[in-house]
Amino acid sequence: MNVTIDNNDEFDQAQRKAAGLAEIIQAERDSNSVLQAGPKRPTAWQRILFTVVLVAAALAPYFLPEGRLPASPPEFPAGVQAFEQIIHALPANAAVLVAVEYQPAYSGELERLAQPVLLDLMRRQARLVMVSTLTTGPLQAQNLIIAASQADGYPYQSPYEVLNLGYIPGERSGLKKLAAAGGQTDPESGYTLSGAAGLAPPMLPSASDFDLLWVISDNPDLARDWIEQVGPSLDGVPLVMSLSAQAGPLVRPYAGSQVQAMVVGLQEGAALEGWLGFMQPNDQTLASYNLATSTAVIMILILVFLNVLIRRRSSPGQGLD
Amino acid sequence: MVLDHLNLADLAGALVGFTVTLFILSYLFSDNALFRLAVHVFIAAAAGIAAAVAWGQVLWPMLLKPLIQTPAEPGNLMMGAVPLILCILLLGSVSPRLSAWSRPALAFLVGVGAATAVGGAVLGTILPQVRAAISSTINPQVPGPGSDLWLTYGSGFAMLISTISVLVYFQFWRAPVDSSKDGQISWLAGLGWIGKLCIAVTLGLVFAGIYLSALAALVDRIEYLTVFFNAIIHP
Numbered sequence: 193m194n195v196t197i198d199n200n201d202e203f204d205q206a207q208r209k210a211a212g213l214a215e216i217i218q219a220e221r222d223s224n225s226v227l228q229a230g231p232k233r234p235t236a237w238q239r240i241l242f243t244v245v246l247v248a249a250a251l252a253p254y255f256l257p258e259g260r261l262p263a264s265p266p267e268f269p270a271g272v273q274a275f276e277q278i279i280h281a282l283p284a285n286a287a288v289l290v291a292v293e294y295q296p297a298y299s300g301e302l303e304r305l306a307q308p309v310l311l312d313l314m315r316r317q318a319r320l321v322m323v324s325t326l327t328t329g330p331l332q333a334q335n336l337i338i339a340a341s342q343a344d345g346y347p348y349q350s351p352y353e354v355l356n357l358g359y360i361p362g363e364r365s366g367l368k369k370l371a372a373a374g375g376q377t378d379p380e381s382g383y384t385l386s387g388a389a390g391l392a393p394p395m396l397p398s399a400s401d402f403d404l405l406w407v408i409s410d411n412p413d414l415a416r417d418w419i420e421q422v423g424p425s426l427d428g429v430p431l432v433m434s435l436s437a438q439a440g441p442l443v444r445p446y447a448g449s450q451v452q453a454m455v456v457g458l459q460e461g462a463a464l465e466g467w468l469g470f471m472q473p474n475d476q477t478l479a480s481y482n483l484a485t486s487t488a489v490i491m492i493l494i495l496v497f498l499n500v501l502i503r504r505r506s507s508p509g510q511g512l513d
Numbered sequence: 003m004v005l006d007h008l009n010l011a012d013l014a015g016a017l018v019g020f021t022v023t024l025f026i027l028s029y030l031f032s033d034n035a036l037f038r039l040a041v042h043v044f045i046a047a048a049a050g051i052a053a054a055v056a057w058g059q060v061l062w063p064m065l066l067k068p069l070i071q072t073p074a075e076p077g078n079l080m081m082g083a084v085p086l087i088l089c090i091l092l093l094g095s096v097s098p099r100l101s102a103w104s105r106p107a108l109a110f111l112v113g114v115g116a117a118t119a120v121g122g123a124v125l126g127t128i129l130p131q132v133r134a135a136i137s138s139t140i141n142p143q144v145p146g147p148g149s150d151l152w153l154t155y156g157s158g159f160a161m162l163i164s165t166i167s168v169l170v171y172f173q174f175w176r177a178p179v180d181s182s183k184d185g186q187i188s189w190l191a192g193l194g195w196i197g198k199l200c201i202a203v204t205l206g207l208v209f210a211g212i213y214l215s216a217l218a219a220l221v222d223r224i225e226y227l228t229v230f231f232n233a234i235i236h237p
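Chains as they are written, first to last, in our numbering: chain S, 193 to 513; chain U, 3 to 237.
So that you can see chain S by itself, here it is in the shape it has in the complex:
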């Protein structure tokens, strides 16, 4: 086979490749040459260091004197304003269907989002009907009501003021059935959310007879299920959502059209809290969250910069291309 080499660079490259091949073949022949494992990447101390820095940032507000907390003043995004306007436009004794669709792991964030709205609704004497497509949802709903009742100092009495209708089986199919014909029954009181007549007067026949549908969720798929299955049946009833930060980006496209108002994450929740008049002047939790977020962003930027520097300084591969 005739090989034509055009210039010296290609010849040098070919020679280096041949030398590399020869080394590999020689290493295979040499039984004593054992490839040494590279040094262990020191990931444990890095992980601990990052966590210590994050936790220190989160703990700092608890040791700062009040009045020096770095909580940023809440801004009022359009979604928060729309949420507040919808809540305040509800009639007296409004009936609100509340979908509690978050896992216990996210209760810290979502209870913080939901409490001010719940308190505002309870002070307006709204009638609350709680449902969930999650098995832990009924317990979460119960915790929400208890915490809000304790904060408000006025225990909501079941079943006139609040009904926990519990678990809706069947996921999307269950929601479709709920939207069309109700049929969900409270095991304790026997009250039914049903399309049939003969209900106790305070409760309402179907989803479209409520004054508001409020979905609280950490999962974008669950939020989307409510929009797709129940949304078309609402017939003008506003649909509002309180969402975790992880669900927000994927549900945001529905805002303004199928979802009339949306509050996403702790920051917007704090803004709504302030708008509704429940904001604490020295909110340590919000300050802690803001500091931890800022610290995480700074650490990410530093690490990205360091990573780019290290990659630029490392020499290109000397073996085979």
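Among the clues, some could well be false.
Claimed, not checked - So the derived label-pair ranges between C-beta atoms look like this: (1) A102/U <-> W237/S: 50 to 58 angstroms; (2) A119/U <-> M491/S: 34 to 42 angstroms; (3) G58/U <-> L256/S: 43 to 51 angstroms; (4) F172/U <-> M491/S: 28 to 36 angstroms; (5) G19/U <-> F255/S: 16 to 24 angstroms; (6) G19/U <-> V244/S: 16 to 24 angstroms; (7) F255/S <-> F44/U: 26 to 34 angstroms; (8) Q273/S <-> A14/U: 42 to 50 angstroms; (9) Y155/U <-> M491/S: 33 to 41 angstroms; (10) A372/S <-> W152/U: 41 to 49 angstroms; (11) Y155/U <-> E202/S: 53 to 61 angstroms; (12) D33/U <-> P283/S: 50 to 58 angstroms.
Said to hold, decoys possible - Some chain S residues near chain U, calculated using beta-carbon distances under 10 angstroms: (13) V247; (14) R304; (15) S365; (16) D417; (17) S436; (18) Q438; (19) Y446; (20) G457; (21) Y481; (22) A484.
Unchecked claim - If you want the ones that stay clear, here's a sample from chain U, every Cβ over 10 angstroms from chain S, calculated: (23) L24; (24) T72; (25) L79; (26) I87.
Keep in mind that the hints were calculated from the coordinates and are not lab data.
C-beta atoms are modelled at their ideal positions from N, C-alpha and C, and glycine is treated no differently.
Starting from the known structure of chain S, arrange chain U on it as the hints suggest.
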């Protein structure tokens, strides 16, 4: 949290919560027996709750109670017997020999689930989102007096281009073509590249959202530990 105001159950719950939180945080150093214990307890509790809710709110009141207490009513018999038979057939899936008996029930489940999902996706997402994407370009909602009309139209146009480019990126009916060999459809490759960029930005936003939620959970746990420590140190 004031320890004096807690009854025994609340105090036990607070102690368990505090202990399990520390067990979970011990994963920071390495996987260990305490972390695994906490995870196992969590899985067991979640499974127990799911089983209790499934029995107390679904199987007994909706399926068995109407059949046992009022079987004479024709509606109860029909509405209860068919689901009961399907549930029993579904149990056949635990054994390879009996799995054929579970197929009708599985087919029914899958069929209903797929129909609900597809119907909801078309009527609840695709059509409204397409309508919104078009109207945001042709007839956008102007926020109010003093707002920038060009910005409003521009953002609507950008949304339309993003939507189209992402849909083009996911086309599979043509093989990727080198623009230098077939310049006629290089615009398709370019549009697909824009779609890939939009997807990358979206995934970045989603990741940021997940990270913020995790941070909120961490802050919540730190607050819980701080309050608990305070309650012990300053009762």
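*Okay, which hints does this one fail, numbers in order?*
No hint contradicted; all consistent.
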